[in-house]
Amino acid sequence: MDKYISILKIGFQQELAYKLQFIIGRLRNIIQILVFFFLWSSIFQTQDSVFGYTISSIGAYTFLLIIIRSIVMSTKVNDVSGFVSSGELSNYLLKPINFFKYIIIKDIPVKLLNIGFSAVELTLLFIILKPNIYIQSDATQLLFFILSIIIASFIFFCILMLSNSFPFWVPEAGWGAQFLIVAIFVEFLSGAFFPIDVFPTTIQNFLKLTPFPYIVFIPIKTYLGNMTIYNNLQNMAIGLIWCFILFLLLKKIWWKGLKVYEGVGR
Amino acid sequence: MDKAIIVDHLSKDFFVSEGKKSISDAIINLFKKENKKRVKALKEISFTIQSGEIVGFIGPNGAGKTTTMKILSGLLYPNSGFVSVLDYDPFLKSKEFLKEISVVFGQKNQLWWDLPVINSFEFNKAIYEINDKDYEKSLNELVSLLGVSELLNTQVRKLSLGQRMKMELIASLLHRPKVLFLDEPTLGLDLTAQQNLRDFIYEYNKKYNATILLTSHNMNDLVDLCRRVIIIDGGQIIFDGPFDEIVKKYATEKNIKITLSEEVKISEIEEITKVKKYNYPNLTLSVPRSTVAYVAAELLQKLSITDLNIEETPIEDIIRTIFKGEK
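These protein sequences, in sequence, are chains A and B. Just so you know, my numbering puts 250 at position 250 of the first sequence, and the rest follows in order with no gaps. Just so you know, my numbering puts 1133 at position 133 of the second sequence, and the rest follows in order with no gaps.
Hints should not be assumed to be uniformly reliable.
[As the list claims (entries may be wrong)] Calculated cross-link-like contacts (lysine-lysine; reagent style BS3-like; alpha-carbon spacing at most 27 Å): (1) B/Lys1276 to A/Lys259; (2) B/Lys1037 to B/Lys1003; (3) B/Lys1137 to A/Lys3; (4) A/Lys76 to B/Lys1095.
No wet-lab data here; the hints were simulated from the structure.
Model the full assembly from the supplied sequences, consistent with the hints where possible.
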């Protein structure tokens, strides 16, 4: 247990050592959210409702986006590709601790700090934008919401780790692979740019079979609560299946990667 | 005694992409699969090390020393051959195995760059599950030995290279490993610290019966510590035996370095012994071991000398001699 507490401690200390980097990260987050909000606000200037969303439900979506981004997408996994191509990974491989566990635990302080800051930002945005926020009070829905966030975090972790594994084979490809997978697929198809229900039903149904909506869209929908228990259970089941598949894939890829790892520069 | 390390017909290849010659080549490489050259870093090497042995591992740069150490510590996956360290397969990286070993690479940086050093030590204490008593004891011992007690609360990034190297060592030894892989451990240390470290490694080996594999370009490290030496070149072992044998066999001469205060003719010096290099006022002589004292005395008598040093033939020179003999 001491092991994990000390990882948490070092994680906090490191985050606090890089104060400016942290603040810049938050700033980027806020700008992404503002872009999202103003884009939608401009659409609502000409019409009252688009794809079943009104200005107030989009406001709620935006606020949930801030919370979910700070929980699910605040992570240090992006450093891993650098570890692999620079050989810094060797330091971790020589320690008697599972590298995945290490990375996951080290993300907890990152997530906690981001949640703390997002709470402050939310308050400020609330004062400025004064949106209509739907407060979910149903315990079952909240339970599903928490579960969906855990699933989302794990799916995002696996996808990010997979895209960070490229440098095992192509040391200089770290950034490109990440950009392609995260910026294009994840951001676009997860609901971080627009709610998935703007797509035609067939595409929506297809997307729901991929892991991407389970990162942002499904948790938000779960919070908003306009779903039956059956729908919720179905979402959780598909999400869990993806957790399972992605983790197995990640383990396999990582094992293959370690076999070709050269530990350069050390 | 049982065997701590077994290496049998171990081979490792790397693939190196041939350097991109021009921009057009680089563009072509985007579409075509690049030709990668197979480099044989290790060619079926075999050796065993008994537990409690200190073995020096030497060879020129790129000979395969570090590659071997990386395989033994589980970082690299061998192409073929058998490796066992304390009966573990290193590549599986079991926790039990990793707690028993330690690796010190000259340029490795396992310390947290932005935090005070002590945080890194405490982190290792937790990760290696060292109990409070042992931790205190090891830490105090190491810190006083390397003379860094006043630096424990300094940020790692503010340490000098030598200071950081000492801290790396402390971090690597806190958990009292049974097998130690030391790759250039004295690199960047001042002379006192080098000596302290050697004494420490010696003591550590005696006290815990630790097995130590050591690479160094520092002759003193090898002379003081290693009874046995393995020489590796081009991925192959070309010598494996007692250190005495290599020094006796190959380092038959010592160097005498002299600074002259008056210029003399080279022929005058050559009457006394063989001249290796002469560039007034610096003079280097190569003298058989047995006659060093005698020759030195004679030189001091006959020449006006401001400075005289007797030195071991550098390990690189010895290795070079061996390589010449082999080829």
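Here is how each hint holds up against the structure:
Among the hinted pairs, B/Lys1276 with A/Lys259 is inconsistent with the structure: their alpha-carbon atoms are about 49 Å apart, more than 27 Å. Taking the CA atoms of B/Lys1037 and B/Lys1003, the gap is near 36 Å; set against the 27 Å cutoff, the hint is violated. Our distance criterion of 27 Å between C-alpha atoms is met by B/Lys1137 and A/Lys3, whose separation comes to about 20 Å. The suggested pairing of A/Lys76 with B/Lys1095 holds, with an alpha-carbon distance near 24 Å, which does not exceed 27 Å.
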